[in-house]
Structures are given as C-alpha cells and as structure tokens.
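Chemist: Residues 330 to 620 in our numbering are what the sequence shown lists, from first letter to last.
Treat the hints with caution; some may be incorrect.
[Stated by the list, open to error] Straight-line Cα separation of at most 25 Å, SDA-like style, residue types lysine to any residue; simulated pairs: (1) 380 / 369; (2) 540 / 575; (3) 498 / 520; (4) 540 / 525; (5) 498 / 521; (6) 373 / 363.
Keep in mind the hints are simulated off the structure, nothing from the lab.
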Amino acid sequence: MSSSNVLFDAPGPVAKRNILVGNVVGVLIIVAVLVYIISGLAEKDQLTAAKWSPFLEWDTWRYYMLPGLLNTLQAAAIAIVTSVVFGLLFGLGRLSAFAPLRWVTGTIVEFLRAVPVLLMMIFLWFGISMLEIMPAGNVPFVAVVTALTLYNGSVIAELVRSGVFGLPKGQREAALAIGMTRPQSLRAIEVPQALVAMLPALISQFVVILKDSALGYIITFSELLSTSRRLGSGEGNMLPALIVAAVIFIVINYALSALAQWLSRFLSHRSGKPARDEEPLMDANNNAGTL
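Given these sequences and hints, build the entire structure.
Modeler: In structure tokens form, the structure reads like this:
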C-alpha cells in the first residue's frame, strides 16, 4: 500500500465521471483558445510563408539565432556555477554556530533576495561602466552574470539552510556522538543530504537563471531575445521571431526539468531509498529516523 492511498480515498464512479467531464471541458476550452489565437494571427498575416521563410535560411541562424543562443547559454552556465558556489558558502555561513558570521551572511542573503534581478543588472551595468575597469563590450555580459549570481546564489543559500533544517535531528546527533564537530557534521553529513533532497528545487532555480538571462537585452547584452528582436525588426516578422525564441527557451527548460527528474531517481536508487510512492507504511512503534 502506498502513502497516496493512505492520504487520499480512491475516487468512486461519480468522482471519476466528474473528473472526466472536467478534463473534456478543459481540453475544449484550450482548443477554442488556440483556434482563436491562430485565426487572429492568420487575419494579421502572421502565418504567411514570407514571415517564416527566413528561419529556413542558414544565415538567419548563423548571424542571429545561434550567436544569441550561445551567449545565453554561456551566461547561464557561468551564472549556474557561480550561484552554486555562492549559495553553498553563504548557506554554510547561515548555519554557522558563530553568531556574527550567521548575522552578516543572513543580512546579505536577505538583501540580495529582496532586490529585483533586473534592477541589479542595470545598477551593475552603470557602475562597471563608470569605473572603466574593462572594455565596454564586456560590461553587459559581466553585469548579467554577476546579477544572476548574486540573486540566485542568495536563493540557493536559503535552499541549503532550509534543506539542512529539514533533515531529522538524529543525523546531527549521531555525527556529534561519534566525535565529529558541528562544521564537520555540516560538510560531511548534513549538507550532502540536503543537496540531494533539494535537487529538484535546485534544477528549477537553474531554469530561472536561464530565463532571467533574457533580461540582459535591457542593458544591450546580445542574448537570444535581443538577437531575435533585431531579426524581427529587420525582416518585418517580429512575432514569428519571438515565437521561435520562445520555443527554443521552452525546449531547453524542458530538458533541464527532465534532467532534474532523472537525477532525482538516479540518486534515490544509488542511496537505496525507495521512491516516495513506494515507501512502505511504518508501524507506530517503529523509530522514524536512524543514521
């Protein structure tokens, strides 16, 4: 018997019929909306071959879509790595037994989480440009990566803290009982388990990083959205260009989500922990958690 069967009653005939009717109505509404949108696009001549034919040409991809996609992936990849490092360091700082360090890291994390990432990008773009510490062409890229790192790193730091707090207390007590110090327990036992537990949320944050990189067009960063807009302006097919860019983003984000699910199952199998819907019921007299 699975935990889902314990928490929820199996639907009866009436409930199944209501669910089926709701699903059919929902599908019909979605189809109607799609038909309305497609017919509207057709009336505005947005579905003509001339609007979409540029995407069948190699020059379109070589000079616009692929360079923009490459810049997007490069900025997102660097920001993902630096955000994880930032999140681990500040997450451990928030878990430190040293109160001043815990207060300083907590203040920094809460401040960075409260600042909109677009505002951070604009502020860094202006600030770095005024300092003149690098070529002007590199400033938008550095501003985008830094802003994504600071904002998403603070979110990951909070994920680390909440993940460690969500572990059974027996993990830390067992580590201290065998002679480990609190920092050793965090590094060797608690944080690794928390990272596995928060892996789906972590991958979801990676998706956020990839999507937020599109905000870089505001500060002249030549990413996928920016190059698609330039292509649409030049070819007179702005809507098709944006649709193609959106499809590319959707495919990449779906691939990241699928990767998160695969990693979650893989790590669960490696650790010997059954899937959530396969966990056996525990007797009331059983101990809840052991190391």
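Chemist: Can you name, in rising order, the numbers of the hints this structure does not satisfy?
Modeler: Hint check: nothing fails, all pass.
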